[in-house]
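Throw the hints in and build the complete structure from the sequences for me.
Protein chains: 2
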Amino acid sequence: MTSPTKRSGRPQGPTGNRDRILAIARQHFAHRGFRGATLRAIAEEAGLDVALLAHYFGNKDGLLAATLQLPPGAAETFGAAVTGPLATQGARLTRAYFSMWEDQATREALLVLVRTALGSEAGTARMSELLAQHIGNLQRTAVLVNRTTGFTLAMSHLLGTALARHVLRVPGLTALDLEQLVATVSPMIQAYLERADT
Amino acid sequence: MTSPTKRSGRPQGPTGNRDRILAIARQHFAHRGFRGATLRAIAEEAGLDVALLAHYFGNKDGLLAATLQLPPGAAETFGAAVTGPLATQGARLTRAYFSMWEDQATREALLVLVRTALGSEAGTARMSELLAQHIGNLQRTAVLVNRTTGFTLAMSHLLGTALARHVLRVPGLTALDLEQLVATVSPMIQAYLERADT
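Protein sequences appear in the order of chains A and B.
Each residue of the first sequence is one higher than the last, beginning at 1 in UniProt numbering.
Each residue of the second sequence is one higher than the last, beginning at 1 in UniProt numbering.
Take the hints with a grain of salt, since some may be wrong.
[Stated by the list, open to error] Per the computed footprint, the stretches of chain A lying under chain B, defined by three or more beta-carbons under 8 Å from a beta-carbon of chain B, are:
#1 29 to 40
#2 114 to 120
#3 126 to 135
#4 149 to 161
#5 164 to 172
#6 188 to 198
To be clear, the hints were calculated from the coordinates, so they are not data collected in a lab.
Fair warning: this is a prediction, and the values are worked out from it, not measured in the lab.
Even glycine gets a Cβ: it sits at the ideal position worked out from N, Cα and C.
As structure tokens, this is what we get:
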């Protein structure tokens with residue numbers, strides 16, 4: 001593996017290459033859509049051979065799937081919030097989720113993820129598969145025994161609120177600070193999380 | 001999808017042209033993104049001169065703004081649900097909103113609207129303006145006096161749930177029928193609607 005670039009401050013080696021390809025791919029998918037993005041253009045911007053992208057990700061669909069993962073750190077934050085006593089799960093989940101959107105670096109990654117997942121049919125299909133997998137995992141680890149519908153409604157509520165606040169920037173929501181938002185939304189999330197499937 | 005003008009059952013004249021251009025534009029914005037869509041390609045598919053599109057909508061941004069309006073009928077349904085006694089506003093709004101998504105014709109229009117609004121930066125910017133206008137109108141007509149944040153949270157919740165059910169097709173939500181969904185979500189929407197701004 002030759003050094004892909006002479007720029008300083010860039011991560012080096014295979015892992016650095018992979019992360020850099022993903023960062024560039026997210027921008028291409030978000031700005032040009034799934035159909036408009038090409039492995040060749042992404043490889044070119046990364047200063048890498050297109051064969052290396054194929055080696056890492058297979059094809060464009062594989063690359064898309066990789067960009068739709070939660071950004072590093074976010075998955076851990078989220079997992080930690082889900083585990084723990086049910087009585088405070090609503091507040092933990094609400095705070096963890098909105099905090100990811102408050103932080104600029106995570107927000108940009110989430111924004112691109114949302115744009116890619118909702119902006120093209122291919123992105124939506126892959127995101128549906130990933131969500132079904134995540135929920136399946138939570139059921140298997142017994143975090144969500146018999147509470148799948150409530151959990152899904154809670155997460156849908158959090159997603160919609162984040163979209164309204166950070167993407168559509170609806171004034172009624174941008175006016176709240178994080179603490180006000182968590183205090184207002186948490187009780188609803190808690191009520192959904194405590195709901196048993198019927 | 002060619003020979004649009006010769007098909008019977010198509011609306012004729014200026015209004016028909018305008019609706020047909022909007023329908024085609026929605027598909028182009030949804031599939032190619034704002035950057036990929038062109039007035040020329042949309043005019044070509046409509047079998048109309050590009051000058052006529054410019055006459056109706058000004059430029060591509062004007063055309064985008066027109067596609068982001070609620071589909072005909074949906075705006076009236078929604079307006080009717082918002083007006084009326086506060087005590088049952090949550091159930092009316094929840095049922096009206098999810099019913100729009102249940103109906104195939106409206107759902108497709110809403111899907112394209114969501115994809116366009118969230119899939120490109122230009123679409124998001126125009127949708128933000130439109131939402132701020134809509135909320136401003138509701139405040140002026142006194143439907144939302146001192147309840148803007150609660151209303152915004154209610155609508156964000158409904159949006160997120162519709163995205164999870166009809167776009168991402170999360171199993172925990174697709175398993176519910178409309179009545180179950182309305183019964184589960186309405187109490188939360190009602191609680192938000194009754195919330196006074198602080």
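Status of the hints after comparison with the structure:
no.	hint	result
1	29 to 40	holds (count 5)
2	114 to 120	holds (count 6)
3	126 to 135	holds (count 5)
4	149 to 161	holds (count 11)
5	164 to 172	holds (count 8)
6	188 to 198	holds (count 5)
The earlier numbered hints are all upheld by this structure, with none contradicted.
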